[in-house]
Structure formats: structure tokens, C-alpha cells
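Q: Chains A, B and C supply the protein sequences, listed in that same order.
So for the first sequence, the working numbering puts the first residue at 1; every next one is plus one.
So for the second sequence, the working numbering puts the first residue at 1; every next one is plus one.
So for the third sequence, the working numbering puts the first residue at 1; every next one is plus one.
To be clear, the hints were calculated from the coordinates, so they are not data collected in a lab.
It is possible that some hints are incorrect.
To be verified - Cβ-to-Cβ under 10 Å is the rule here; a few derived chain B residues that face chain C:
1) Pro73
2) Ala78
3) Pro161
4) Gly269
5) Trp271
What the hints assert, rightly or not - With a cut-off of at most 30 Å between alpha-carbon atoms, the simulated DSS-like pairs for lysine-lysine come out as follows:
6) B:Lys353 / B:Lys321
7) B:Lys261 / B:Lys281
8) B:Lys307 / B:Lys261
9) A:Lys117 / B:Lys353
10) C:Lys10 / A:Lys300
11) B:Lys148 / B:Lys107
12) B:Lys353 / B:Lys182
13) C:Lys40 / B:Lys55
14) B:Lys148 / B:Lys307
15) B:Lys120 / B:Lys107
16) B:Lys26 / B:Lys182
17) B:Lys55 / B:Lys261
18) B:Lys60 / B:Lys298
19) B:Lys107 / B:Lys182
20) B:Lys120 / B:Lys298
21) B:Lys307 / B:Lys182
22) C:Lys40 / B:Lys26
23) A:Lys165 / C:Lys221
24) B:Lys272 / B:Lys298
25) A:Lys300 / C:Lys40
26) A:Lys300 / C:Lys7
27) C:Lys40 / B:Lys60
28) B:Lys28 / C:Lys40
Glycine included, C-beta positions come from ideal geometry on N, C-alpha and C.
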Amino acid sequence: MGMIEAILLTVITAATPLVIASLGELVTERSGVLNLGVEGMMVMGAAIAFAMTQVTGSPYLGLLAGIGGGALFSLLFGFLTLTLVANQVATGLALTILGLGISGQIGEPYVGVSGIKLPQIVVPVLSDIPFFGPVLFRQDLVFYLSITLVAGVSWFLFRSRTGLKMRAIGDNHASAHALGIHVIRTRYLAVMFGGACAGLAGAQLSLVYTPQWVENMSAGRGWIALALVVFASWRPWRVLAGGYLFGAVSISQLHAQAFGVGIPSQFLSALPYAATIVVLILISHNRRVTLINTPASLGKPFVPDR
Amino acid sequence: MKKLIFALATSAAVLGFTAATSAQDKTKVCFIYVGPKTDGGYSEAHDHGRQALEKALGDKVETAYLENVPEGPDAERAVERMARSGCALVFTTSFGFMDATIKVAQKFPDVKFEHATGFKSSENVGTYNARFYEGRYIQGVIAAKTSKAGVAGYIASFPIPEVVMGINAFMLGAQSVNPDFKVKIVWANTWADPGKEADAAKALADQGVDILTQHTDSTAPMQVAAERGIKAFGQASDMIAAGPQTQLTSIVDTWGNYYIKRTEAVIDGTWKSEQIWDGLKDGILEMAPYTNMPDDAKALAEETEAKIRSGELHPFTGPVKKQDGSDWLADGEVSDDGTLLGMNFYVAGIDDKLPD
Amino acid sequence: MRIELEKRAKPSMLLSILSPFLALGLTVIAGGIMFALLGKSPGMALYSFFVEPLLDVWSLHEIAIKATPLILIGAGLTVCYRSNNWNIGAEGQFIAGAIAGAIVPVLFHDWHSPLVLPLMLVFGMIGGALYAAIPAFLKAHMNTNEILTSLMLVYIAQLFLDWLVRGPWRSPDAYNFPVTRDFMPEAVLPEILASGRTNLGFVFALVAAAGLWFMMRYTLKGFEISVLGQSERAGRFAGFSSRRMIWFSMLVSGGLAGLAGVSEVSGVINKLQPIISPGYGFTAIIVAFLGRLNPLGVIAAGLVLALTYVGGEAVQLTLNISDKITRVFQGLLLFFVLSCDTLIQYRIRLVFSRIGRSSEGGAL
Numbered sequence: 001m002g003m004i005e006a007i008l009l010t011v012i013t014a015a016t017p018l019v020i021a022s023l024g025e026l027v028t029e030r031s032g033v034l035n036l037g038v039e040g041m042m043v044m045g046a047a048i049a050f051a052m053t054q055v056t057g058s059p060y061l062g063l064l065a066g067i068g069g070g071a072l073f074s075l076l077f078g079f080l081t082l083t084l085v086a087n088q089v090a091t092g093l094a095l096t097i098l099g100l101g102i103s104g105q106i107g108e109p110y111v112g113v114s115g116i117k118l119p120q121i122v123v124p125v126l127s128d129i130p131f132f133g134p135v136l137f138r139q140d141l142v143f144y145l146s147i148t149l150v151a152g153v154s155w156f157l158f159r160s161r162t163g164l165k166m167r168a169i170g171d172n173h174a175s176a177h178a179l180g181i182h183v184i185r186t187r188y189l190a191v192m193f194g195g196a197c198a199g200l201a202g203a204q205l206s207l208v209y210t211p212q213w214v215e216n217m218s219a220g221r222g223w224i225a226l227a228l229v230v231f232a233s234w235r236p237w238r239v240l241a242g243g244y245l246f247g248a249v250s251i252s253q254l255h256a257q258a259f260g261v262g263i264p265s266q267f268l269s270a271l272p273y274a275a276t277i278v279v280l281i282l283i284s285h286n287r288r289v290t291l292i293n294t295p296a297s298l299g300k301p302f303v304p305d306r
Numbered sequence: 001m002k003k004l005i006f007a008l009a010t011s012a013a014v015l016g017f018t019a020a021t022s023a024q025d026k027t028k029v030c031f032i033y034v035g036p037k038t039d040g041g042y043s044e045a046h047d048h049g050r051q052a053l054e055k056a057l058g059d060k061v062e063t064a065y066l067e068n069v070p071e072g073p074d075a076e077r078a079v080e081r082m083a084r085s086g087c088a089l090v091f092t093t094s095f096g097f098m099d100a101t102i103k104v105a106q107k108f109p110d111v112k113f114e115h116a117t118g119f120k121s122s123e124n125v126g127t128y129n130a131r132f133y134e135g136r137y138i139q140g141v142i143a144a145k146t147s148k149a150g151v152a153g154y155i156a157s158f159p160i161p162e163v164v165m166g167i168n169a170f171m172l173g174a175q176s177v178n179p180d181f182k183v184k185i186v187w188a189n190t191w192a193d194p195g196k197e198a199d200a201a202k203a204l205a206d207q208g209v210d211i212l213t214q215h216t217d218s219t220a221p222m223q224v225a226a227e228r229g230i231k232a233f234g235q236a237s238d239m240i241a242a243g244p245q246t247q248l249t250s251i252v253d254t255w256g257n258y259y260i261k262r263t264e265a266v267i268d269g270t271w272k273s274e275q276i277w278d279g280l281k282d283g284i285l286e287m288a289p290y291t292n293m294p295d296d297a298k299a300l301a302e303e304t305e306a307k308i309r310s311g312e313l314h315p316f317t318g319p320v321k322k323q324d325g326s327d328w329l330a331d332g333e334v335s336d337d338g339t340l341l342g343m344n345f346y347v348a349g350i351d352d353k354l355p356d
Numbered sequence: 001m002r003i004e005l006e007k008r009a010k011p012s013m014l015l016s017i018l019s020p021f022l023a024l025g026l027t028v029i030a031g032g033i034m035f036a037l038l039g040k041s042p043g044m045a046l047y048s049f050f051v052e053p054l055l056d057v058w059s060l061h062e063i064a065i066k067a068t069p070l071i072l073i074g075a076g077l078t079v080c081y082r083s084n085n086w087n088i089g090a091e092g093q094f095i096a097g098a099i100a101g102a103i104v105p106v107l108f109h110d111w112h113s114p115l116v117l118p119l120m121l122v123f124g125m126i127g128g129a130l131y132a133a134i135p136a137f138l139k140a141h142m143n144t145n146e147i148l149t150s151l152m153l154v155y156i157a158q159l160f161l162d163w164l165v166r167g168p169w170r171s172p173d174a175y176n177f178p179v180t181r182d183f184m185p186e187a188v189l190p191e192i193l194a195s196g197r198t199n200l201g202f203v204f205a206l207v208a209a210a211g212l213w214f215m216m217r218y219t220l221k222g223f224e225i226s227v228l229g230q231s232e233r234a235g236r237f238a239g240f241s242s243r244r245m246i247w248f249s250m251l252v253s254g255g256l257a258g259l260a261g262v263s264e265v266s267g268v269i270n271k272l273q274p275i276i277s278p279g280y281g282f283t284a285i286i287v288a289f290l291g292r293l294n295p296l297g298v299i300a301a302g303l304v305l306a307l308t309y310v311g312g313e314a315v316q317l318t319l320n321i322s323d324k325i326t327r328v329f330q331g332l333l334l335f336f337v338l339s340c341d342t343l344i345q346y347r348i349r350l351v352f353s354r355i356g357r358s359s360e361g362g363a364l
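Just chain A, with the same shape it has in the complex (with noise of 0.2 Å):
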């Protein structure tokens, strides 16, 4: 294998958690509610997924758990900001609160024990392509369930009924309440659909990325993947594109202090965040074809009349 597959191959690694997570966010930003709070269910899906993983054997298990911990975990923001309607942005960041704590909890007992690795899945005769196969077709089930779920939000979102249902909530909650969609239903689904792909993001942190357990061991990426939201203007193969770039450019800035450039280290880490920014600018100066893709009714309330 060569340098540039080895390097592709981390990438993916390290961009596979914020596309997931970052997914899921866009789908319950889309519905028109805004969760802070990745970062805390991300960490108590990479908790909960390593608990599991431990105590069956099987990182399956520990996967399904993960999912499963991150919507149950979601669903107590959505109990506050959909059925009290607390604000959403403080419930969120209350939620990463939370979420840090319960997971250092859970995860206490496993610090410093070895984990179980998620194994790869070999796909037959596409893994002997040269260059691809190695980097595409020799991975693990995450990495595969990323690049489906991505096609599938997509297409959800922009070719199904159900999807434009949900599309519509989040433009105009009072008009979609008025053709008779059930908002806070679907939004319960949104938001949970968010929190079990930030717990399959966290889970793949604590089974693939790096299988052990450390407290906070997300560190920071939830925040990554809401901002690419944001980067990607709500759109699901642009989360993709927006969180490879975002891994590449992280990956070779080790490259290149590994080989020497003389660069301060600060610099080089700065470049991912730098190079987020930029790209941004470069894409949402047109102000019409942003506003098209931002959910109007983002972040506000909602409460039925009748």
C-alpha cells in the first residue's frame, strides 16, 4: 500500500465521526430545530458503545448501543425544547453539560482497558481494484453506513414525501401546521435521528478511531460537525465534502511537521479552522442561494394552537 492510500485511509478515519454527526444535526436543523448539544451526545455514544462493546464482546452490540444511547439521550432535549419549548440553544449546551458528566460515569470502570476494534469488512472483487479497493472497499461497517446515510438524507430529504414534509416544517412550522403535518412529531423524529448519528459518530471514536475509552474523549469534534453544518448550508453531500476537507487538512498538517516544514506547530493546527472560514466565503457569498437552503424557522418555538 502506498503513502497516499495510508493517508487517504486516515483521513477517512478522522472525517467519518463529524460527517456522521454532522448529518444527523442536518437533519434536525432541517426540521427547523437547532441542537448544541452533539458534543454531549457524541461522547455518551462513544461511552455508551464502549461499555456495551465490553461487557457482550461484541462492538456490533456496542455500535447498536451507541446509536441507541444517542437517541434516548436526545430525546430528553427534545422533551424540553419540543414539548416545553425551552429555548434550544441553552437546552443544548445544557445537554453537552450533561452529557460530559453521565458519560465520564459510565465510562470510568474501562479507563486503560483495551478495546474491541469494529473489524473490517472486506467487499469481494471491488477490494482488489488497485488504489480504490484498499481505501474504499476494505473498511469497516461505519464507514459504509456513512457514505449510505448520506445518500440516503439526500435523497430523503429532496425526493421523498416525507422528507419534503419535514423540509417544509422548517421553513414555515405554522404554515406546515396549518396543511395538517404533524410538526412536533416529525421534529421528535429529527432530533432523534440527530442524536443516534451523534452516537454512532461517538461510537465509532471509542471502536474504530481509537478503541479505549477516555474521558472527553470527543474533544471538540461535536463541534466541529455543527459547524459543518453550517459550512455544508444544509446540504448532505456537501457535509461530506466539507468534513473530508475538513480531515485532510488536518492529517497533512502532521505530515507536514512530520517532514519538517519550520512552521509553528500553532500555525499548522490553526489550518483546518482557517481553511473552514475561508472556504465559507467563498461559498455563501451569494446570499440568494444561502437563504434558499437555511431552514427559516431554525431555532424557533413552536406550540400547536387550536
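With chain A fixed as given, assemble chains B and C onto it according to the hints.
A: This is chains B and C only, laid out in the frame that chain A set:
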């Protein structure tokens, strides 16, 4: 509501009571950690030290700790809280607690403080540190002896003297075996972010290093090394579980011996402020078993360790040139501790550049 | 069973006062259960969490110190959030302010003059405001989303500070450790009371919050903020410019975050070092909302949150309760406060039957 008030009142009484009795017959020793006490690295090693202290001195001591105290504005409050809660001896275990420790110590002249890895001391503030560079030198020797590529990868955290000193010691150890040995350095700019550490490890492995060493906390680099089939050194604790076929050895922080020694001094009334920098021979650090290497490498490692323990070998002994080619240590000259503790330059042979 | 909300004709005054206490009560119950499950005495835990810190002069000072940056930043953020400008990068503006303010004591450390401190504070505000001007400019003129830009700028500020204190601004007499020189005495914010270390920054926080409250309530600018916040269209009809409001709100909140930054390094840390904030800029977002986006409410919210930090350390020490539990407890408190505030605007109805919308359930 009445019940609640009653509960509060009784618990307050209980609280006051326990505080009063414990102050009389037990010596309270307190610790402040920068990370969670189960970080698997630096803070956990200190907490093991605390547990060793409890075990060794039993009823004579009582310990308490605060974990996850950030090295910012919260430090002073944490230190003062310790001093106020009846601690006789307070260990502040991270560099960033230095000024807070000094400030609080002025207000509490009867409480003894010991600050790890700093350079400020006073009447009732001592400092302590371990000569980790001794272990890093041995790692360098092993690396040069076992590496086929002749290049090791070094995952560094932040450019502080402690880390720079470690890199230099590693390089000097390696050069003692193979003068052309190379080290590739990646600054992760974090102490503990497993993902980033793993990325750095992968980048280094992709660039052809066949030995990894780290000055960050998690076992992620060890796991990557195991996956890639290369060797690695552990950090702060024995990380053999993360790489049974991978770990060559590890520097194990054993602060416990030191904590016991100093607590006994407080109990005896013989404690005084000192600047202590203990090494392998004092038991403040140990090398995990030498494994996964050929016998000659193991023999050389053991021999090097023995020489360092006996004082026959000091890792920083001339002739040593600085990175820019200027002379640092003449033949046979041993570096003074001051230069090491403030080390801000590389020795010859290292390609990286330090910020200045 | 399901829960339905019914909007009140007008917000309930009574509940807007009672709701924080209700939330506190619920937190005490939930927290008590949690502590009991952990095998700790709930009474003792709650006592040392909430009560003990309030009985001791020392910890009162500590609460004030901890609350100072939270109130300063949180008060500024209310202007942003009320006008729909989502500045979540106050942490970066805090750092920028600290760096700008430190220019004076770091570069001119031999200058002993009473002008030092005022100059630092002004620099700090300018630094924070300038750093907030980046997302403001990008939003107002380049149409770039401020949530992303302000957040990314936090990481950049942290790394820049890191480089600064390890490189050009490193103290010549700190053995190459990553700290700047200690500030000279003229550069340190004075303590205001003989009984403890609360410094002038706390006064700034109270004054800033009170000033913003006055502005929001009694001035045209305040009216402009709320009109534009509710509807950009309505604001335009009233002749308000949302672009100008972006600049105004970002500069105000950035300036106050910068002031918080310089106050913290001047009054508490007395130098620059790689880590100067335990996430104040993010915690302050919660403070802003807990204070119901009212600057006076922010004062109360900042003090309460500070109490939970100080109390959290107390239970860690006295009862050996881990700091994770403290965070869970904080999270619970926030959840209860946020949900109880619902009662101010709405009546909550429990509906038991599937068909019935009628009054089968109990209403609160």
C-alpha cells in the same frame, strides 16, 4: 420541609464533627490534579501515588483530592480550598498551578506545599520533579538498537522544557548507538486527545518510522503501532495491555515513594522546603519490563539503566553540540540541572524547529 | 397520556418569580435521589453544594470572582441573541481581549504609571471588539454565517495565544516555561474589599449589566434591538438597518468579552499563559439564556452558576463525589430551570385520553 431542614442541620453538625476529629489524629494530605484522576496518564499516575500513600501509612494519614482543575483562574481557588480544609501537606501536581501555590502558601504559613515541575519555591513551598529524561535516554538506546529504518517518530505535546529535554535525551541515547539516527517530531498540541494522537502516530508510520514514542497521555499511539506492526514506547504507566506485542518498555511514574517520604517528613516535623529532582535510583520512576526486542538490545538497555542508576552515566554528558552546530558540552562535561530544567534548544541531529 | 401547552393570555408575573425556586426545588429532589443512589448522604451533599458556600466569606468572594467573567460576557451576549446574531465565539473574544490588554504590561513592563490599568482595559475591550468584528464583517458584508466563523475563531485564538506565550512573549526569567512576565503591580486590578480577593472586575460586571439593562429598556437602541430581533422585515419598515445591528451587537458583546478577558488576566492570573479560561465564553451562553436574555437576570444566573462550580468543588472534597457527578448535577439544574420557565408563558395540561382535548387532566 421540616425534615429537610433537619437533615441539613444534622449533616452540618456531622460535617463539623468529622472535620474536627480528623484534624487531631490524622495528617491530611491533599492533591490537585489537572486532569481526571482516571486519565490513564499523568494525573492517574499521581493518583496511584496518593493511593500508595494511603496504603503505606494507613491510619496515620487521610487524603483528599480535586480532579480536573484547569490551569487557569480556577487554580488559586482550588489550592486555597485545600489549605482551608485542614490539609497539612498539599501536592499541586501540574506546572500551571505554580503561581497559585505560591500565592496561597503566603496566606497559610503553617501548611506545607509541594509543587510538581515548577521553579518557584518559598519557605513552605517545595518543588519536586522526576528525571524522566533518564528513561527517555534508555528508550533512545533501544530505538537505535532495534530500528531497521533508523528513524523513530516522536509525538510531542507542547514545547516546554520538559518535553524538549525528553526529545534531546532520546536523541542522545539513540546517537550513542547509531550516530546517524533520525527522529521525526509531530507536535499534537494536546496532552490528551486520543484521536489526534492516533492521527499523529499514523502520519509518522506512513512516513516510514518503525518505532514510536510519545509525550502525550493516551494509549492511542500504542494501538496504532500495534496495528501497523511497528514498535512503541509507553508513557507514564505500563501500557503493555494496549500493545502486548508492541511495547518495548515504558517510563512508569511512581510518585508514591516520594509522597510517602515527604508525608513522613511532615509527620516527624522534619519537612523543609527543598527543590527535589529524583531519578531512577530514587524510585520516582521505573522502566516497565523490556520486551519485544532482541536479547542484545535488552542487555544493552539493562546495562544502560544500571549505569544511570549507579551514577556512572549521565545522559547529558559531552561532547554534545547544539542543533545549530555550536558547542554545548565539552568532552566529559555534564550539564547542570538549571540548563536542563529550562531547556529550549535541540541537540545536533534533530530536524525540527522550536518556536521562539 | 400526553402533555399539551396552552398559551397564557399574558405571561404570569407570579410564576416568573416562582419558577427559579420551583426549579431549585426539583433539582434538590432529583439531586438528592442521585446522591442517595451513589451512597452519599443527600442532605450533606446538598448542604455543601448550595448552602455551605454561602455561609463563608471566602467562598462568597470566590463566587464573585468566578461569576465576574460569566456576567460580563453573558450580558453582552444578550444584545446579540435578542437581535438574532448568534455569536458563539465569546471564548475567542475573551482571549483576544486578554492578549490585547496584556500588550501594555508585557511589552512596557518598566512603565510604572497609573495610566497602565485604564489603558489595558481599553485595549482589552478594543481587542475583543476587533476580534468580534471579523464575524460581524463577514456576516454583514460577505453573508457568511456567524455561528461557524465565530466558533472557528475560538480555536484560532487559543492557538495564537499558545504560540505567543511559547514564542515571542515568553518571559525571560521563567526558565523557558510558557508564561509571560508577571504583570507589574500597576497592571493588576485592585481588590475592592479587605475581606477577600474580589477585584474591580466584579464592579465592571455589575455596571455593564445594569447599563445594558437600561439601554434595552429605556432607549431607542433597545427598541431597535428587540424589533430587529423579532422580525427583520418589521425592523426595515421602522427604518432600522439589520446590517448596522450586526455590527453593533457583535462589537458590544466582543468588547465586553474582551473586558472580561483582560480583567481575568489582570485581576486573577496576573500574566498570560496558554490556558486562561476554563470555557467562560461557552458557559456564558448558558448564563445569558438562564438570565432570560435580560442583563439583570444575567447577574443572577452568573452568580448561581458560579455557586454550582464552587459548591461542586466542595462536595468533591468533603464527600468524595467526583467532578463528573457535579457536572451531571449542573446539567440537571439547567434543565429544570429551562423547563420551569415554560410555565411563565404557558399552562401545562396533562391529557389522559386519546380523544379528549378537554379538561380531563390536571392543569398547572
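Q: Against the 30 Å threshold, does the CA-CA distance of B:Lys60 and B:Lys298 hold or violate the hint?
A: Measuring from Cα to Cα gives roughly 42 Å; hence the hint is violated.
Q: Is it true that the CA of B:Lys272 sits at most 30 Å from the CA of B:Lys298?
A: violated, 40 Å
Q: For B:Lys261 and B:Lys281, compute the direct alpha-carbon distance and say whether it is at most 30 Å.
A: holds, 15 Å
Q: Against the 30 Å threshold, does the CA-CA distance of B:Lys353 and B:Lys182 hold or violate the hint?
A: holds, 14 Å
Q: Taking 30 Å as the top limit, are the C-alpha atoms of B:Lys120 and B:Lys298 close enough?
A: violated, 39 Å
Q: For a C-alpha distance cap of 30 Å, please report whether C:Lys10 and A:Lys300 respect it.
A: holds, 19 Å
Q: Holds or violated: A:Lys165 with C:Lys221, Cα cutoff 30 Å?
A: violated, 39 Å
Q: Are A:Lys300 and C:Lys40 close enough, with their CA atoms no more than 30 Å apart?
A: violated, 41 Å
Q: Run the distance test for B:Lys307 versus B:Lys182: straight-line Cα separation, threshold 30 Å.
A: holds, 24 Å
Q: What's the verdict on B:Lys353 and B:Lys321, does the C-alpha distance respect the 30 Å limit or exceed it?
A: holds, 16 Å
Q: For the hint on B:Pro73, just tell me whether its beta-carbon gets within less than 10 Å of chain C.
A: B:Pro73 check passes; min Cβ-Cβ to chain C is 4 Å, inside 10 Å.
Q: Would you mind confirming whether the straight-line C-alpha gap from B:Lys28 to C:Lys40 stays at or under 30 Å?
A: At roughly 21 Å apart (the allowed maximum being 30 Å), C:Lys40 and B:Lys28 satisfy the hint.
In this structure, the hints that do not hold are numbers 4, 5, 9, 11, 16, 18, 19, 20, 23, 24, 25, in rising order.
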